[in-house]
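**Student:** Keeping their order, the protein sequence lines are chains A and B.
Per the numbering used here, residue 1 is the first one in the first sequence, and the count goes up by one each step.
Per the numbering used here, residue 1 is the first one in the second sequence, and the count goes up by one each step.
A hint or two may mislead.
It does not matter which identical chain is used: a pair holds within one copy or between any two.
To be verified - Calculated lysine-lysine pairs in the DSS-like style (CA-CA distance at most 27 Å, straight line): (1) 351 - 107; (2) 337 - 211; (3) 284 - 216; (4) 216 - 107; (5) 103 - 337; (6) 216 - 103; (7) 250 - 284.
If you're looking for bench data, these hints aren't it; they were derived computationally from the structure.
Computed from a prediction, not measured in an experiment: that's the story for all the values here.
2 protein chains.
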Amino acid sequence: MDYGAASPVDPRVLEEMMPYFSDSFGNPASLHSYAFEAQRAMERARGQVASLIGAEPGEIVFTSCATESNNLALIGAALRYRSRGSGVVVSNIEHISILNICKELSKQGFEIRYVPVDRDGIIRLDRLEALVDDETVLVSIMAANGEIGTVQPIREAAEVAHEHGALFHTDATAAAGKVPLDVGEVGVDLMTLSSNDLYGPKGVGALYVRKGLRVKPLMIGGGQENGMRSGSENIPGIVGMGKAAEFAKKEMKSEAERLTRLRDRLIKGITEEIPASYLNGHPKRRLPNNANIRFSYIEGEALILSLDELGIQVSSGSACAAKTLEPSHVLLAIGLKHEEAHGSLVFTLGKGNREEHVEYVIRQMPGVVRRLRSMSPLTPEELR
Amino acid sequence: MDYGAASPVDPRVLEEMMPYFSDSFGNPASLHSYAFEAQRAMERARGQVASLIGAEPGEIVFTSCATESNNLALIGAALRYRSRGSGVVVSNIEHISILNICKELSKQGFEIRYVPVDRDGIIRLDRLEALVDDETVLVSIMAANGEIGTVQPIREAAEVAHEHGALFHTDATAAAGKVPLDVGEVGVDLMTLSSNDLYGPKGVGALYVRKGLRVKPLMIGGGQENGMRSGSENIPGIVGMGKAAEFAKKEMKSEAERLTRLRDRLIKGITEEIPASYLNGHPKRRLPNNANIRFSYIEGEALILSLDELGIQVSSGSACAAKTLEPSHVLLAIGLKHEEAHGSLVFTLGKGNREEHVEYVIRQMPGVVRRLRSMSPLTPEELR
């Protein structure tokens, strides 16, 4: 139940990729027939990814991962359109890559403003309106938060950005393939997509760049990807991401319904069976696969290790920040205390999870929590 | 015979990668058992890549491709050590990514100096000595040129750099796995490696960063790869590159001998059978798999297309620049005229090539060349 950290490649996706490793292994930039095959495969994949978000194929730039897409979007757009202004506005629950990119932009003279969220993790639109002004070059608000699952009002956020002539980027790593996203409807200028979060291979991502816009390339070289991302293309990876996007589009609705049922059963089962356990994030406006639950008087790390022994894999926050031992910045941003944040667990459900897995977790967790609480001097007598 | 543009993944490498797509698919940053497996696989691969070049595992940073490694090396080192000086020295036959990165560094205030090469494509060490001074922060000379095959005296070049306190980077994309490279012997500070050129998967590369050095990260985020390259790691790709490096080390000697025989037969067969055809690059100090031959009174593009119809795939230069229709900057740098550069073909041999392939090419080429020459008004009567 840690699909947010990493996902297995869908076997149908892997099958699609296989011929491109050792048979159709051409470089799309060559002039001979091997190149044409690679070129065709890449353009088909571009169309599949575009279709998932209602974009045109020419608006998709393939990258090596969501982190690269975030770097390309923020640094690339901020530098390219610097003459429009030097203000950048992001939420304070963005992925660590966005927040660290902002620190770098700040060193380069940009003024970064952070939009707070409410206790459910929804960005404060009133505060966003107050923070965006005519000096703002870029607003970046994630489509959904991978830790607490909250789905953001990005259409409204994009409107605020556009009223002031700023560009709008959304990191859709956690949201794509889980909730419908249409770049036309939402009014997005730049959107980050991850392959692995769609059950595609690791090592590939994409950035949607609205037609007519350009970003300053992060990687300079042969001018691939319309000059915005140089480097010989990872054709098997790109083919895999394309196929994964195709399945995500086709199966999103039924899978989201299935996951929502499992998620709600998991939340209800745990919070009813275990005293002093509470849901983090919005009860309704959340990703179908996300349950973030906090347990008083307990350390998340200890819970993770104990559950791992029982064959249950979960996370204490974003895997990207798992080893810092710092409490999740997202949980602090929704107003939790340090010890509450430390006692929270993230369950991210996925294709492999069935009802029996959820029931198993609900059966096992109370004993684990009780045992760990019994070892803590802070636990009140009635919870031991 | 276009292995320089793209290589098939070795089936043994692909087999090694397979479990990491859908079974052992963990994120090394997680805290549970899936993570440990991913972590172990990644560290094993790091050791395998390090071993190919005589480095320590901790000196290998995994990236998404050789172009990224070149960007990270040049931009990352130039910015990180800017206080040492703002001079950068490169050869004028570097890969297009290096040359384009230099243009960007130039915009950022660095002074770029270009070392010329002689008619065989060997860098002029005397000129290098004259160009490097105490203001030089970085010297970058490729280990071997992928177009004309020339192997460079990088040990001597590194010495020149170090005498002036400059760092030395080498782009070993074309050389690694073909000729022995030992970072200790050569005295390299930074070295670019490509996975696909070792018969590993596309979408992964590495940068050797000598212990004690750091480069400014190009991609900012969760702090993976010792803070020098953020983004969730492409575990199957990394595992593949590791295995490919292991095979490259083990099989380099015998494969280089085999390819050298094929290469020499190819060069001899073509230049003897076809009048007005000449070898480009150094006759001896060249990659075992490279033959670059120019044909007077003919266009390389026309040759490529005609040969493709006969099942022969070759290149007119670097695939990365194939579509620009500009003559190769490498061929111009060794003193060829525009029309000579346009009439040149690059053969890059590889694992799949056998003697019968070479003989087939030698049999087919004279007819193709004669036919194309007969269509050109420039062709002298005796060659028609």
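**Student:** Against each hint, give a clear statement of whether it holds in the structure.
**Tutor:** Evaluated hints:
1. Proximity of residue 351 and residue 107 under a CA criterion of 27 Å is satisfied in neither setting, with 42 Å inside one chain copy and 49 Å between copies.
2. For the homomeric pair residue 337 and residue 211, neither the shortest alpha-carbon distance inside one copy (44 Å) nor that between copies (40 Å) is at most 27 Å.
3. In this homomeric assembly, residue 284 and residue 216 never come within 27 Å of each other (Cα to Cα): the closest approach is 38 Å inside a single copy and 42 Å across copies.
4. Proximity of residue 216 and residue 107 under a CA criterion of 27 Å is satisfied in both settings, with 18 Å inside one chain copy and 13 Å between copies.
5. With identical chains, the CA atoms of residue 103 and residue 337 are at most 27 Å apart within one copy only, with a shortest distance of 24 Å there and 50 Å across copies.
6. Taking the shortest alpha-carbon separations for residue 216 and residue 103, both the intra-copy value of 18 Å and the inter-copy value of 14 Å come in at or below 27 Å.
7. Within a single copy, residue 250 and residue 284 get their C-alpha atoms as close as 24 Å, which meets the 27 Å cut-off; across copies the closest is 57 Å, which misses it.
Consistency note: the structure conflicts with the earlier hints numbered 1, 2 and 3.
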